[in-house]
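When you get a sec, could you build the whole thing from the sequences and use the hints?
Number of protein chains: 2
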Amino acid sequence: MHAEIIAIGDEITSGRLLDSNSQWLSLRVEELGIRVLYHATVGDELEPCADVFRRAIDRADVVVVTGGLGPTADDLTREAIAEATGRPLVLDPASLEHIRGIFARRRRDMPPRNERQALLPTGARMIPNPEGTAPGVLLEVPRTDRPPCRLFALPGVPAEMREMWHGTVAGELRQAGAGRRAVRYRQLNCFGAGESQIEAMLPDLVRRGRSPRVGINASRATIILRITAEGATDEECDAAIEPVAATIRDCLGNRVFGEGDQQLQDVLVELLRQRRRTLAVVEWGTAGLVNHWLGTAAGAGGPFLGGLVVADKAALPTALDVSADLVERHGSVSAETARAMAEHCRRRFGADYALSIGPFPPLDPKASEPASFFVAFVGPNGVVAHEFPYAGHPELLPILGAKRALNVARLALGAVET
Amino acid sequence: MHAEIIAIGDEITSGRLLDSNSQWLSLRVEELGIRVLYHATVGDELEPCADVFRRAIDRADVVVVTGGLGPTADDLTREAIAEATGRPLVLDPASLEHIRGIFARRRRDMPPRNERQALLPTGARMIPNPEGTAPGVLLEVPRTDRPPCRLFALPGVPAEMREMWHGTVAGELRQAGAGRRAVRYRQLNCFGAGESQIEAMLPDLVRRGRSPRVGINASRATIILRITAEGATDEECDAAIEPVAATIRDCLGNRVFGEGDQQLQDVLVELLRQRRRTLAVVEWGTAGLVNHWLGTAAGAGGPFLGGLVVADKAALPTALDVSADLVERHGSVSAETARAMAEHCRRRFGADYALSIGPFPPLDPKASEPASFFVAFVGPNGVVAHEFPYAGHPELLPILGAKRALNVARLALGAVET
Numbered sequence: 001m002h003a004e005i006i007a008i009g010d011e012i013t014s015g016r017l018l019d020s021n022s023q024w025l026s027l028r029v030e031e032l033g034i035r036v037l038y039h040a041t042v043g044d045e046l047e048p049c050a051d052v053f054r055r056a057i058d059r060a061d062v063v064v065v066t067g068g069l070g071p072t073a074d075d076l077t078r079e080a081i082a083e084a085t086g087r088p089l090v091l092d093p094a095s096l097e098h099i100r101g102i103f104a105r106r107r108r109d110m111p112p113r114n115e116r117q118a119l120l121p122t123g124a125r126m127i128p129n130p131e132g133t134a135p136g137v138l139l140e141v142p143r144t145d146r147p148p149c150r151l152f153a154l155p156g157v158p159a160e161m162r163e164m165w166h167g168t169v170a171g172e173l174r175q176a177g178a179g180r181r182a183v184r185y186r187q188l189n190c191f192g193a194g195e196s197q198i199e200a201m202l203p204d205l206v207r208r209g210r211s212p213r214v215g216i217n218a219s220r221a222t223i224i225l226r227i228t229a230e231g232a233t234d235e236e237c238d239a240a241i242e243p244v245a246a247t248i249r250d251c252l253g254n255r256v257f258g259e260g261d262q263q264l265q266d267v268l269v270e271l272l273r274q275r276r277r278t279l280a281v282v283e284w285g286t287a288g289l290v291n292h293w294l295g296t297a298a299g300a301g302g303p304f305l306g307g308l309v310v311a312d313k314a315a316l317p318t319a320l321d322v323s324a325d326l327v328e329r330h331g332s333v334s335a336e337t338a339r340a341m342a343e344h345c346r347r348r349f350g351a352d353y354a355l356s357i358g359p360f361p362p363l364d365p366k367a368s369e370p371a372s373f374f375v376a377f378v379g380p381n382g383v384v385a386h387e388f389p390y391a392g393h394p395e396l397l398p399i400l401g402a403k404r405a406l407n408v409a410r411l412a413l414g415a416v417e418t
Numbered sequence: 001m002h003a004e005i006i007a008i009g010d011e012i013t014s015g016r017l018l019d020s021n022s023q024w025l026s027l028r029v030e031e032l033g034i035r036v037l038y039h040a041t042v043g044d045e046l047e048p049c050a051d052v053f054r055r056a057i058d059r060a061d062v063v064v065v066t067g068g069l070g071p072t073a074d075d076l077t078r079e080a081i082a083e084a085t086g087r088p089l090v091l092d093p094a095s096l097e098h099i100r101g102i103f104a105r106r107r108r109d110m111p112p113r114n115e116r117q118a119l120l121p122t123g124a125r126m127i128p129n130p131e132g133t134a135p136g137v138l139l140e141v142p143r144t145d146r147p148p149c150r151l152f153a154l155p156g157v158p159a160e161m162r163e164m165w166h167g168t169v170a171g172e173l174r175q176a177g178a179g180r181r182a183v184r185y186r187q188l189n190c191f192g193a194g195e196s197q198i199e200a201m202l203p204d205l206v207r208r209g210r211s212p213r214v215g216i217n218a219s220r221a222t223i224i225l226r227i228t229a230e231g232a233t234d235e236e237c238d239a240a241i242e243p244v245a246a247t248i249r250d251c252l253g254n255r256v257f258g259e260g261d262q263q264l265q266d267v268l269v270e271l272l273r274q275r276r277r278t279l280a281v282v283e284w285g286t287a288g289l290v291n292h293w294l295g296t297a298a299g300a301g302g303p304f305l306g307g308l309v310v311a312d313k314a315a316l317p318t319a320l321d322v323s324a325d326l327v328e329r330h331g332s333v334s335a336e337t338a339r340a341m342a343e344h345c346r347r348r349f350g351a352d353y354a355l356s357i358g359p360f361p362p363l364d365p366k367a368s369e370p371a372s373f374f375v376a377f378v379g380p381n382g383v384v385a386h387e388f389p390y391a392g393h394p395e396l397l398p399i400l401g402a403k404r405a406l407n408v409a410r411l412a413l414g415a416v417e418t
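Chains as they are written, first to last, in the working numbering: chain U, 1 to 418; chain B, 1 to 418.
Keep in mind the hints are simulated off the structure, nothing from the lab.
The reader is advised that the hints may include incorrect statements.
[To be verified] Just some of the chain B residues that point at chain U, by a computed CB distance under 7 Å: (1) Gly43; (2) Pro142; (3) Thr144; (4) Val310.
Note that the Cβ used here is the ideal one computed from N, Cα and C, for glycine as well.
Here you go:
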């Protein structure tokens, strides 16, 4: 079984929008043991879209399309499927009812043009879209001498697309026999060393032809190691992956912070939850990135209480009760200022722990050369303060800084309490 | 002239790597006035690659390929071009010399397998790669009844690919007549109405075959209208775009908040800067999203002072000086609580204006049913408070809420001071 992923829209072919749907879908399709051999993207034009669909139906057994299901005149996916398969569009009453229901829940009338979203090629089924107005399309296209091609069309809105994948598409593909040959993945996420440094710490694992396969790549200062095994059963794959993962953990120690989708903030929140401790965060110049990440971390609701975001030294006395005198004495870029910020924040939010970072950029004339920044972490067991070089690609600096702060808290929390 | 962008590699079709090269190349190609109609991605297999190339040469006048030029056995781009065009590979002495030179500069011997990288299809020219071992391939493929197709193959390493684009490909395309016909774009960004509602407010602009073309799409609750005109000169294009843009602005009024890359936060910061006013923001439950966006907005440094992020009602008295009594009397979800939060934040940061949003989710038992949330904006001219329905896709709710808050501030600021 081979699959093809198709993305529709001028915003993608023109480069205005980076298509991340195709990557996400490829990962999901390959998890089912179906190899993705092609991606295609085509602009909002009927005949080119129909042509791309015809070719995909011919060369792939599973076709997943995203985009072009909106209500406006340049949304052509339904028409192009109809054109490519010779199946005229018909109004699907269930789809229409669903769309009306979504508008009713949002307390709005359905504009007449949204009725277009209820059109389906003859013989197609609707894929429910619980949260959006665009139902998806599921069509089995017969082929001579071969099993039919299964075509799924989903909206381009990533959240809706993902929900519909999990709600309908994955199940349909499993029923159709996907997943009979097992493919399993395990991903270890690392922080605190560069990609080639990490690779050099490992025995010869990242090599073509090895089984299980180990891939390594860097994603915004996080190093990701991905182990892939194929076999007859999930158990066989997992058994092959396990010793490789153990070797990696042995070699990298606490640089491995999590697995799968886990980010540093998820791990930190989980550590706090296990210890029944709370945290507040004060940031100076990092645009609230740590607060934002912690606020959206898995299960953040309990342990993360909130925090303060300051853009300028002027706010320190009024918003933070950090005296101008203290800052003057030690400099903005100092362990003392970082600690005072964290201590104030801890008091104000009544938190067990507080984390401070900044200032970004470190403009203080008293700052050491080359530039650096401080992270402080205060709690019932005292304070740790770390100085880090302010160095890296300008676009990555706030991200790297925020991750360094989270990592200080993670390592300190892992060390002081168990 | 139409173009197709092709990316080669299992790491992309499998979803392990997000392909950003195709987006970057699309932007560059369209800047030359060549419309990109297709992207294609194909795994590391000879016949599928050759087939993708054949099709691209047939349907596009310019084809830019990235990836598959490495020295290892699964790098097949050269072979696939040879196969697709019927031109056998021959060793190119200039390429070989270049590769040897790169190794010499790195003070390493050239491994024998790198000799493969000096193979070119008969009649092709090498594209110099100043920093890498993989030279590119430039081939003009004759076509019956049409000008030849220009095919460029570049390495997948983004930095090398970009350098070779600027060093060779862009110049070749300009010489071939690209850029002689002008293409210009203008993008209007709207907020405060849905995609189909916006389309319905416009005269029949978003219609196939119209010139200039108007495309409409939604990106995380922002509606984007893109006007595209082709013509002999930039001036001719701009003259054609201008009346369309004016019509859109007339029809949509203050729902159009900006152009090009401008986001709501950029516009708000610019309004504050023009008025020499400062702003602080308090968020309850939106994970610091408004603070984060404002902190990263274009030129945020001056007008945006910072803010508070709270995750729980418990923090209101200590972190915000908002009394439990007031919240008890009016409920968490109330104009009074929203206003008290904003007023405290304004005082604390010594800001001219303050904006408050939340709580998210609106769990207050006193809250109206169905659920809603409040945004308050306070400043020297008084206070505005708005109630919005808490409705939409769960993943999009904080984003939609944050944009509603920014939009309240934008509209209030636009109205009260000029």
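* Hint check, failures only -> 2 and 3
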